[in-house]
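Peer 1: For the sequence shown, our numbering gives the first residue as 25, with consecutive numbering after it.
Since the hints were derived computationally from the structure, they do not count as laboratory data. Idealized CB from N, CA, C, for every residue including glycine. Don't take each hint at face value.
Using C-beta positions, here's what the derived DEER-type ranges look like [stated by the list, open to error]:
id : residue 1 : residue 2 : range
1  : Gly40     : Lys69     : 18 to 24 Å
2  : Leu375    : Asp207    : 33 to 39 Å
3  : Thr96     : Lys353    : 42 to 48 Å
4  : Lys353    : Lys196    : 21 to 27 Å
5  : Gly118    : Leu375    : 46 to 52 Å
Once the Cα atoms are required to be at most 25 Å apart in a straight line, the calculated PhoX-like pairs of lysine-lysine come out as [as the list claims (entries may be wrong)]:
id : residue 1 : residue 2
6  : Lys120    : Lys185
7  : Lys196    : Lys185
8  : Lys93     : Lys301
9  : Lys340    : Lys293
10 : Lys242    : Lys196
11 : Lys37     : Lys120
12 : Lys257    : Lys93
13 : Lys69     : Lys120
14 : Lys360    : Lys370
15 : Lys73     : Lys257
16 : Lys360    : Lys301
17 : Lys120    : Lys153
18 : Lys84     : Lys293
19 : Lys120    : Lys182
20 : Lys93     : Lys69
21 : Lys182    : Lys114
22 : Lys196    : Lys37
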Amino acid sequence: MKPTSHTLHPAFKLNGLDFSSAEEVLNFTDNLLHEGNEQEVDVAKFIEKWLDFSEDVEVKTSGSTGKPKKITLTKTQMVHSAQATGAYFKTGSGTKALLCIPADYIAGKMMLVRAMVLGWDLHVVQPAKDSLVEYDNDYDFVAMVPYQVSHSLEALPKVKKLIIGGGAISTKLERQLQDIAIDAFATYGMTETITHVAVRRLNGPARSEQYNALPDVKFSIDGRGCLVIDAPKITAETVVTNDLVELHSPSSFTWLGRFDNVINSGGVKHFPEAIEKSLGSYIDCSFIIAAEPDETLGERVILIFEGNGEEIPDFKEAFSHLEAYQRPKKVYRLSKFPYTETGKIKRGDVLNVLRNYKK
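Working from the sequences, and respecting the hints, build out all of it.
Peer 2: In structure tokens form, the structure reads like this:
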């Protein structure tokens, strides 16, 4: 399928408005460009780009694992990604969906593509921590980041299917989702794979730590034990990641952590992300697990948290839930963490700030 200005499902609605043609959509977006808020302007710019006769779309990465960069995706690949999501979640024509994440990044752009390709009724609002709370509408499908979900727990029953991406989901948040009547999923993917290529169920009887592939996606691992993604309909080349996984089959895996974050302490490998998840239920502030040099162990586990004040909080109770060899040997405080525009902690920048602080 080669997208053109005619790649617009006849059932597509935007904020409840029907459109009989691409021209009507473009007239509407033209008004948004002149009168809309920041989110609406980003939506209008992307829709106009989508409905032109070019074959490609330029998008930017979040910068959570390196410097933000721009990459080019084909519209055909984005159509295939939208169709895979629709098939997996059974969200076809008439699906009522909410766009409450920034339309300037791939996750928000793909909500728009799914709406236009699959024929959704898409409600667009300003991204905020409580975007879902502010409106009384019910939705079939919503994408949110963990921070938004944690501030919208009471409103989640308004949603049938929720996908969560853009950051780590804490044990506390996952536990809170268990008693809510919603189908909640964690997503795995990146800009290069046009958002998610795998999902795992977070609550209900089907709850699992295992990610399952979307249609036409296959997995393998390289010599490091890192995930390799083969998704020919959405990327021409295989994607070699730095994500360490336990591979269960060509279509399923359990995520362990980032290869570049692994801590080797006294010959024992630690996955910071796993330790962070274990501590997430007991520490309220933002924090990361990292390493620093140690003469005896080679590296030792440390905790860095975001906060102000003179004294370091007592984390003994939180640490008691870890195995003895996992417990941080040192705790550091930074008054402010660096974050990406999408709310992810810039782990590398945090460590750079700490190194400069310790000099």
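Peer 1: So, for every hint listed, does it hold in this structure?
Peer 2: Consistency of the hints with the structure:
1. Gly40 <-> Lys69: 18 to 24 Å: 21 Å, holds
2. Leu375 <-> Asp207: 33 to 39 Å: Since the Cβ atoms of Leu375 and Asp207 sit about 37 Å apart, the hinted range of 33 to 39 Å holds.
3. Thr96 <-> Lys353: 42 to 48 Å: About 45 Å separates the Cβ atoms of Thr96 and Lys353, which means 42 to 48 Å holds.
4. Lys353 <-> Lys196: 21 to 27 Å: Because 24 Å falls inside the window, the suggested range holds.
5. Gly118 <-> Leu375: 46 to 52 Å: 48 Å, holds
6. Lys120 <-> Lys185: With a Cα-Cα distance of about 11 Å, the restraint between Lys120 and Lys185 holds, given a limit of 25 Å.
7. Lys196 <-> Lys185: Given pair Lys196, Lys185 holds - Cα atoms ~20 Å apart, limit 25 Å.
8. Lys93 <-> Lys301: 28 Å, violated
9. Lys340 <-> Lys293: Between Lys340 and Lys293 the Cα gap is close to 22 Å, so the pair holds against 25 Å.
10. Lys242 <-> Lys196: 31 Å, violated
11. Lys37 <-> Lys120: 9 Å, holds
12. Lys257 <-> Lys93: 23 Å, holds
13. Lys69 <-> Lys120: Distance of about 22 Å is within 25 Å: holds.
14. Lys360 <-> Lys370: 11 Å, holds
15. Lys73 <-> Lys257: Holds: Lys73 and Lys257 sit about 21 Å apart, inside 25 Å.
16. Lys360 <-> Lys301: Status holds; Cα separation ~21 Å.
17. Lys120 <-> Lys153: 20 Å, holds
18. Lys84 <-> Lys293: 33 Å, violated
19. Lys120 <-> Lys182: 11 Å, holds
20. Lys93 <-> Lys69: This hinted pair holds, its Cα atoms lying about 19 Å apart.
21. Lys182 <-> Lys114: 18 Å, holds
22. Lys196 <-> Lys37: At roughly 36 Å apart (the allowed maximum being 25 Å), Lys37 and Lys196 break the hint.
Hint check: violations occur at hints 8, 10, 18 and 22; the rest are consistent with the structure.
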